[in-house]
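For the protein sequence lines, the chains are A and B, in the order given. Mapped onto the numbering used here, the consecutive letters of the first sequence carry residue numbers 1 to 270. Mapped onto the numbering used here, the consecutive letters of the second sequence carry residue numbers 1 to 306.
Treat the hints as calculated values from the structure; they're not laboratory data. Treat each hint with caution, since some may be false.
[What the hints assert, rightly or not] With a straight-line Cα cutoff of 30 Å, these simulated BS3-like cross-link-like pairs (lysine-lysine) come out:
{"no.": "1", "chain 1": "B", "residue 1": "K82", "chain 2": "A", "residue 2": "K114"}
{"no.": "2", "chain 1": "A", "residue 1": "K236", "chain 2": "A", "residue 2": "K166"}
{"no.": "3", "chain 1": "A", "residue 1": "K166", "chain 2": "A", "residue 2": "K135"}
{"no.": "4", "chain 1": "B", "residue 1": "K52", "chain 2": "A", "residue 2": "K69"}
{"no.": "5", "chain 1": "B", "residue 1": "K80", "chain 2": "A", "residue 2": "K69"}
{"no.": "6", "chain 1": "A", "residue 1": "K69", "chain 2": "A", "residue 2": "K224"}
{"no.": "7", "chain 1": "A", "residue 1": "K236", "chain 2": "A", "residue 2": "K182"}
{"no.": "8", "chain 1": "A", "residue 1": "K166", "chain 2": "A", "residue 2": "K182"}
{"no.": "9", "chain 1": "A", "residue 1": "K69", "chain 2": "A", "residue 2": "K114"}
{"no.": "10", "chain 1": "A", "residue 1": "K114", "chain 2": "B", "residue 2": "K80"}
The residues making up each chain are set out below.
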Amino acid sequence: MLTVSNLRKTFNVGTVNEVRALRGVSLELPEGAFLVILGGNGSGKSTLLNAVAGSFRLDAGEIHLAGQKVTRWPEHRRARLIGRVFQNPFTGTAPTMSIAENLALAARRGQRRKLGWALPRNLMDELRDRVSQLKMGLEDRLDNAIGTLSGGQRQALTLLMATWLKPALLLLDEHTAALDPKSADLVLRVTEEIITRHRLTTLMVTHSMQQAANLGDRIVIMHKGAVAYRFTGADKQRLGANDLLARFEDLRRREMLDETAAALLRETYL
Amino acid sequence: MTLFLGALTIGLILSLLALGIYISYRVFDVADITVDGSITFGAAICAVLIVKGTHPMLATLAAFGGGLAAGAVTGILQAKFKLNPLLSGILVMTSLYSVNLHVMGKSNVPLLTGRTFSTWAEQLGRAWFGKPEVNLLGWLISARDLVTLLLALGMVVTVCLALYWFFRTELGTAMRASGDNPQMIRALGVNVERYRILGLALSNGLVALSGALLAQYQGFADAQMGIGMVVWGLASVIIGESLIGSRSLGLAIYGAIAGSVLFRLLVAIALRWGLNPNDLKLVTALFVFAALVLPQWLQRRGKRET
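Can you build the whole structure from these sequences, using the hints too?
And the structure:
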């Protein structure tokens, strides 16, 4: 479903703030797979997600999604194939508009919008039906402005909006990071339910090792803009949070050696 | 009484200006100075066409089209060339000054001879009421003034309904969202840049329409008539919001109109009480300042007392 080949991106080239965010990242995601991308701050995991979503142009590399070469497509064009949930609960919904209007916007994701009525009767019925499946009581408040909802409720709605029309790829960008533990649990439950029910191909970025261990059927650990470890299938299922922690310790230990010292040691002892 | 009617009529005509500014200022969060130029552009196009003998309806529609074009240019400067919104508005407004002079051929075009809405109003007044003056609740008012007011009211109501309908369509709802949360709507497949161009075009189209009607009402189009109009429109929108609130789309639209009418009435009263017309723009600015600051101040006082 998704093939990413040798992505490279450097921000602020040639200045003091230069950051080599992606240094030749490749990965492949078959249909129906659930990939978790784990990494510390500055590892490039969010940059990778943004690259797939089309938020910026890459320096090098190709992206193929659902059989189409989307490398040069602008973000709004890729939106036809991608459903996205952001880290910030405020980014995924329009605050001054009602719940119903937000969902109606999502119901036409990627489609041409014309002068038809935004909230026809049959859509309202469908809205009420699918929102009640979240079991959060929001189906009675469809005309309320989104601004009155809590972060957890907004993320749940954003998730619903991203998957209203089944996307080829679902992108989850640390979507529970800004929520309190109870809301985070709720949103994760809804996430798993929706992904399983619609058999969605998912890419989830997280910095929580617990989440990485519990969710998904494959995992990629990123470090400094490159892929450090990959695990799929049984290997992945066996991984617990402690194993992941051990991998991170490994990476950090490797980093403590200065480049030149490492080269010297390698020459002397190997 | 004539003063009252006049203020009401101009208030209604300029409410289209307020609606245009509502779109650019509240929906897209852009202070669009193009308005100063596009209102004159609308007036100029309409006046020149009417003097040439064109039907006033067509002339007014052409003015609307001119406004659409002006707004689109501002939008393109922002979207394609990534210019700052304020700056792109200023560039287009400044350019329009010269364009308007070319369109009019001189700096002032009087509408003494052509058919305008005002002449229609006079004819209709005579047809409906028979005599030149009408007795309304004890006051003697000119039939022509009354019919002009009714015509203006009719036009404003039509535009309002059209606008309300438009913003409830798929396209209109997406347009509102593109001003409210561009990041989200881009992830839902909307080309935010294109919508901004469309929105600014619509906004300036309404403003030019207002200019066309104003020219027909006051009997001339002048190259300077647009100066300071953006503050006028902002004042109307802000007053409307303070009084009526902006909780829903319908209330916001109604508020812009009510704000415009009320504001014009206040100005008429102030002038009647002896306000020096030279001070008008200063007083307007002070008024907008007060309308912006007062709600915050009252809120803070309310909190202190609880």
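Consistency of the hints with the structure:
1. K82/B - K114/A: holds, 26 Å
2. K236/A - K166/A: holds, 26 Å
3. K166/A - K135/A: Holds, at about 20 Å.
4. K52/B - K69/A: Distance ~56 Å between K52/B and K69/A Cα, so the pair is violated.
5. K80/B - K69/A: holds, 25 Å
6. K69/A - K224/A: Holds: K69/A and K224/A sit about 26 Å apart, inside 30 Å.
7. K236/A - K182/A: holds, 26 Å
8. K166/A - K182/A: holds, 27 Å
9. K69/A - K114/A: Given pair K69/A, K114/A holds - Cα atoms ~28 Å apart, limit 30 Å.
10. K114/A - K80/B: Holds, at about 23 Å.
Violated hint for the displayed structure: number 4, the only one.
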